[in-house]
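Student: So the chains spell out like this:
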Amino acid sequence: MSSRDTILQRLRNRSGGELVIPDCDFSVLQRPLSSVAERIDQFEKTIESVHGEVHRCTRESWIARLAGILSCRGARNLLVPAAHQIGRALRDSGRDDLPELLIYDEPIGSWQPHLFNEVDASITSTRGGIAETGSLILWPTPDEPRLMSLVPPIHIAVLEASGLYSTFHEAMHEQNWASGMPTNALLVSGPSKTADIEQTLAYGVHGPKELIVLVVE
Amino acid sequence: MADPIKIYPPKPSHVYFYATCLIDMFYPDAGMAGIQLLEREGIKVIFPEDQTCCGQPAYTSGYHDEARAVAKAQLNLFPEDWPIVVPSGSCGGMMRKHYPSLFKKTDQEAKATEIAARTWELTDFLLNVCHIKLEDLGEPTTVAMHTSCSARREMGIAEVGPRLIGQLQNVNLVEQIRAEECCGFGGTFTVRHPEISGAMVSEKVDALTDTGAGAFVTTDCGCMMNIAGFAEKNNKPLEGQHILSFLWERTSPTNGGGS
Amino acid sequence: MNQSTAEDPHHIDVKEFHSRARAAIANPKIRQNFRKAMDGLITKRKDAFEGWDLEALRDLGANVRLRALANLPDLLEQLETKLTANGIKVHWAIDGDEACRIVRNICVARNAKTVIKGKSMVSEEMELNHYLEERGIEALESDLGEYIVQLAGETPSHIIMPAIHKNTGEISELMHEKTGTDLSNDVEYLTASARLQLREKFMNADVGVTGVNFAVAETGTLCLVENEGNGRMTTTVPPCHIAVTGIEKVVGNLEDVVPLLALLTRSATGQHITTYFNMISSPRKPGELDGPEEVHLVLVDNGRSSIYQDDELLDTLRCIRCGACMNHCPVYTRVGGHTYGTTYPGPIGKILMPHLIGLDEGRHLPTASSLCGACGEVCPVKIPIPDLLVRLRQESVDGDKLNPAKIRGHGAKRGTVEAMIWKGWSWMHARPGVYRFGTAIAARLRKLQPRQLGGWTKYRTAPKLAAKTLHERMKERGQ
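Protein chains in written order, with the working numbering: chain X, 10 to 226; chain C, 2 to 260; chain H, 7 to 485.
Rather than coming from a laboratory, the hints here were simulated on the basis of the structure.
Where hints are given, some of them may not hold.
Derived, one-sided and incomplete: chain X residues facing chain H with beta-carbon distance under 8 Å [to be verified]:
1) ARG19
2) ARG21
3) ARG82
4) ARG85
5) ILE112
6) GLU115
7) GLN121
8) HIS123
9) PHE125
10) THR142
11) LEU156
12) SER175
13) ALA194
14) LEU196
None of the values given here were measured: they were computed from a predicted structure.
All C-beta atoms, glycine included, are put in the ideal place defined by N, C-alpha and C.
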């Protein structure tokens, strides 16, 4: 008999007999209704407590704000989505205070060392955010691949304020995740960090050292 | 298993007093103090002569047959439906929380469950059933408290001791650091793992000594034996007393109210 | 000194618990490192649950896990079906050896020479690194704590914080010696150095191996919880990802992960959430530009299906590996993780390891507890750890005729003398007349009471018998 069948048979022929299936009351996860403004405040407070940086901007102001953020960090380049509106808006902005704009349009194998060693910052869209935990929801796509939000030392995420949910539970239900998950779905809550050396926090251990969120209201 | 919700009974006319073997042999004064506190509340205290030990030492050591034989001998001591009060969170916890499972699928199961339901730790009983009001007759003093792990976690009475002592006007109750941490007693653990237990009690004595109180009270004789015994052996300025002795001494005129 | 031994960590004798405990207790550095870390974690956990109805959340966590366990075989099949449909290959392993072989065979088929690893306690349980290294495949840990422990040739001393037994100075010296970094107490510098070294390794690794925190049957999704990003690297950069997990990690619905995640991160490190919650449901699809071409899941039994047979022991399988029980354990805090000599240390290890290694081998584990109950009190899925410790003690002495022992190696701790003592104790205490007579005599003879009582009086004075028992005093009172 295969290991699979042996294991399943052992589990099915449990000597203790049938197990009782308990009820699961998820109401403890519910939160009172909140306004967008309240959710933004909570999101900002929570993500800042884990070293994330939040900039509130508008559809008109975000590019200028982004240019400021990048120039004061001396970023030489910025990886932007090829097709998403964010990338297009940046390419079409005609600003000369933005760094060189790069796009991720080839399979990673062909440019991995470059991505790892030469890219200073990236910008991605988000699929929403979670106020309670200060989290960004990312579903990487061919336009915004998985490594885009992971490898460059600075990750900038654009979050539409209207896409802020109170809780993970609410976001999952509202967006109906159970009906089909993508290759990779992520919650990102702050920059990469570790406390493995004597409980001392250090940022950017493997992923970005900085996570900057542009909340567009 | 979910914790049963505690529903305190109305103040009864009688209680059974289950002394525990440690109090019987080593700290009978604490037992007498408990009895006198109950009597002062107008309750008739019945001391079943045939009581010995709740069976916990054997139970926690894994000798359940031996524990069951001893526990079975206790089940017949409480024929009336009066509450059973125990001056110990540990032994009280054994009877309240573990008797039902110890007697599961035996002829005594129903009886054990019934007895478990009317077993109370004595300070909890004084505070929440008798609604005792204490008048402090003692000199001003400072004391620390160590609530046993079983009193805290099995019996859920971490607040009880401090609230009782809080009624005593002249007593300054100080809190040790890491109050929730075990003193290292744990019955046979002290002899099976003496170094670990020793390290635990050493730090507990430091925590209590650091309060500057010089004395501590506790709900359980096991902890007291452990903590005070360590302090004595190592010449630490720390004295231990059962909380019942402390409460009785400070509120009884016949004792001169001195502690 | 066992806590920092560089000897082969794969053959630690569990039975040497006592001597390792003595050594750890005598080592102020170890005591200080653990105490400091545990104190911090206790406070952080408390703060993280501020404002929550913690009991209701723990009830939900426990019920979600119990529901999954009640449906375990069905859920495993559903998980397999879903993952397969998603393009993830599922493997089943009876024990650690088989799981290692599966991983190696995948490596061999890909001609893989280097494996980069994310944190996985199951892979520690399998001793995967050792297995692969012996067969010429390099296995490198990428979680910073695991990386440090691997550099030192040790095993993790905590399931969440593997290098918690070391302080910054020790880590700095280790990294200097093994990787040539400068000596420094600057944690940022040490972390940045590790980042550089490991980035090279990520780029060149042939296979990534990780654990799994939750496997969702409904959607065929593998969930990984982490802060560093090494888990994301490991599951995205190498062309092949192999996840290994215990069969108990499956849950039914996607929404089940919500309470478990909320409990896990808060209980483990006092975080509202970790930096990354990584949900993987398929290999790279056509048109996608990164991610592994191949994803495998190895479902490891290794004793779990035996635990599953018993209603009481089954609770052990609820565990979500947060480590809160060790953080709150006064014994773990004193002796540290290595003293246990087992993959999983602390309270959860004491109830889990006897199943994996047998009660004969692990017979000191259930006794190394004062049964203070702190572990059960903080367990996010309400595993009654103290009750299970008592159950294992019972099994290790075959102490209950009504509930015969079941675990492999049971009865190993039953000694004739000890059993006789308890029989005598029981005989006396079940006979009130004998008890009263005996205790009264003892009170009369109290001057002859021995002053030395073994382990007790090594640290404490002997308790003093009263001149009269309470029984006698009550008799005098006329009661």
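Student: All the hints need checking, so say for each whether the structure fits it.
Tutor: Checked hints:
| no. | hint | result |
| --- | --- | --- |
| 1 | ARG19 | holds, 4 Å |
| 2 | ARG21 | holds, 5 Å |
| 3 | ARG82 | violated, 17 Å |
| 4 | ARG85 | violated, 18 Å |
| 5 | ILE112 | violated, 11 Å |
| 6 | GLU115 | holds, 7 Å |
| 7 | GLN121 | holds, 6 Å |
| 8 | HIS123 | violated, 11 Å |
| 9 | PHE125 | holds, 6 Å |
| 10 | THR142 | holds, 4 Å |
| 11 | LEU156 | holds, 5 Å |
| 12 | SER175 | violated, 12 Å |
| 13 | ALA194 | holds, 4 Å |
| 14 | LEU196 | holds, 4 Å |
The earlier numbered hints that this structure contradicts are 3, 4, 5, 8 and 12.
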